[in-house]
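> Last residue of the sequence shown: 964 (my numbering), numbering continuous.
By construction, these hints were calculated from the structure, which means they are not laboratory data.
Mixed in with the good hints there might be a few duds.
What the hints assert, rightly or not - Under the rule of at most 20 Å between Cα atoms (straight-line distance), these lysine to aspartate or glutamate pairs were calculated in the EDC-like manner:
#1 K598 x D683
#2 K598 x E642
#3 K598 x D693
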Amino acid sequence: MTADLSHHHTRTMRLLDSKGAFERPWMRAAFRDVARDAFAPDTVWVWHSDDDRYHPVARADDEQRWAALVHHPTEPVVTQVDDGQPAHADGTGRLPTSSLSAADAVLTTLAATDPDPGSRVLHIGTGTGYDSALLCERVGAANLTTVEVDRALADAARARLHGLGYRPRVICADGEHGHAPEAPYDRVLCTASLSRVPAAWIAQSAPGARIVTPWKSTLQPAGLAVLTVSADRRAAGGRFGMPLTFMDLRGQRRADSPLPRVYTPQRWSESRYGTATLPPDFLDGFHARFALGLQLPGVHATRTPTPDAVPAWWLSTDTAWAYVCAGETYQWGDRDLATEAERAYEWWLAAGRPEVFDFGMTVDGDEQRTWFGSEEDGPSWPVGR
Numbered sequence: 580m581t582a583d584l585s586h587h588h589t590r591t592m593r594l595l596d597s598k599g600a601f602e603r604p605w606m607r608a609a610f611r612d613v614a615r616d617a618f619a620p621d622t623v624w625v626w627h628s629d630d631d632r633y634h635p636v637a638r639a640d641d642e643q644r645w646a647a648l649v650h651h652p653t654e655p656v657v658t659q660v661d662d663g664q665p666a667h668a669d670g671t672g673r674l675p676t677s678s679l680s681a682a683d684a685v686l687t688t689l690a691a692t693d694p695d696p697g698s699r700v701l702h703i704g705t706g707t708g709y710d711s712a713l714l715c716e717r718v719g720a721a722n723l724t725t726v727e728v729d730r731a732l733a734d735a736a737r738a739r740l741h742g743l744g745y746r747p748r749v750i751c752a753d754g755e756h757g758h759a760p761e762a763p764y765d766r767v768l769c770t771a772s773l774s775r776v777p778a779a780w781i782a783q784s785a786p787g788a789r790i791v792t793p794w795k796s797t798l799q800p801a802g803l804a805v806l807t808v809s810a811d812r813r814a815a816g817g818r819f820g821m822p823l824t825f826m827d828l829r830g831q832r833r834a835d836s837p838l839p840r841v842y843t844p845q846r847w848s849e850s851r852y853g854t855a856t857l858p859p860d861f862l863d864g865f866h867a868r869f870a871l872g873l874q875l876p877g878v879h880a881t882r883t884p885t886p887d888a889v890p891a892w893w894l895s896t897d898t899a900w901a902y903v904c905a906g907e908t909y910q911w912g913d914r915d916l917a918t919e920a921e922r923a924y925e926w927w928l929a930a931g932r933p934e935v936f937d938f939g940m941t942v943d944g945d946e947q948r949t950w951f952g953s954e955e956d957g958p959s960w961p962v963g964r
């Protein structure tokens, strides 16, 4: 017999209400009426740091633990690993590939999207179907097209939605291409993280439409781009909103650090020694790391401990690396990455330590740039590929 889990839902709603998470009355009503556990698979996954793997938690084995994970107000719960095929022979997983997003993050994206009743919405990243159900409550199922690249996830989400009376269009396809047959859209909401906004989303949007998507740089995985489509539907731009971290869009997964491939002891002996004024914590602050990520596209950062507890940072690309520790630097390759990072950090300090909300992004054809202050007058940087 399935236990009554309504108390988990009630507690989560109360906690979110106390944080002011329901920015619009309709969001509270939709959250109240859509049970998260109805969209969670019977097996979810939990990270174990002792073996660096994801382990399954089955509803049949411990329903209350499963429910607590599903209804956590501020943490996502992983619902698929390794694209549905756990990487390890014992059934544990390596890479999270789908999740039921944290409740507060879902509400943040809905508030940023802010669709009106009857708005035509394109949702990228159906996942479990939960976000789609909330959108149906607001705009009506007939006005929602939701796209999922994974066939098994799309089929399961469609079944859950239909079982609860929601009948949006659930399309199994690559969301980067949008879904032209139902265009133009008033809102495009992506619930997967990316670094480059697909041109198709702009082309399939109505003039003045809003595009909301989690956004990442190589250095900083957390961001939220909120863009308005131009009158000619050829460009979109706007400021970054409340930063969020989501699963990567399948076609834009963040590559692992190239450091293990590019570093060798021989290259250490060939490296260029120098000094830098970078403090040990120069990448610890969220806003500094965000700003440096805009200026250093494609640069990875790895923090390592040292015997005297002073953090050391490795910066790397496919063709260069730098080691920064206690004011000393060693650099190798076709770029002086430590020097570039020092200049970027000094710019951030001189600019008054701006926050993520002071930056924006513009997409115009194949050109995508981030900027500080204003698109017209502020410094700007190309988005990495």
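> Among the hints numbered above, which are violated by the structure, and what are their numbers in rising order?
2
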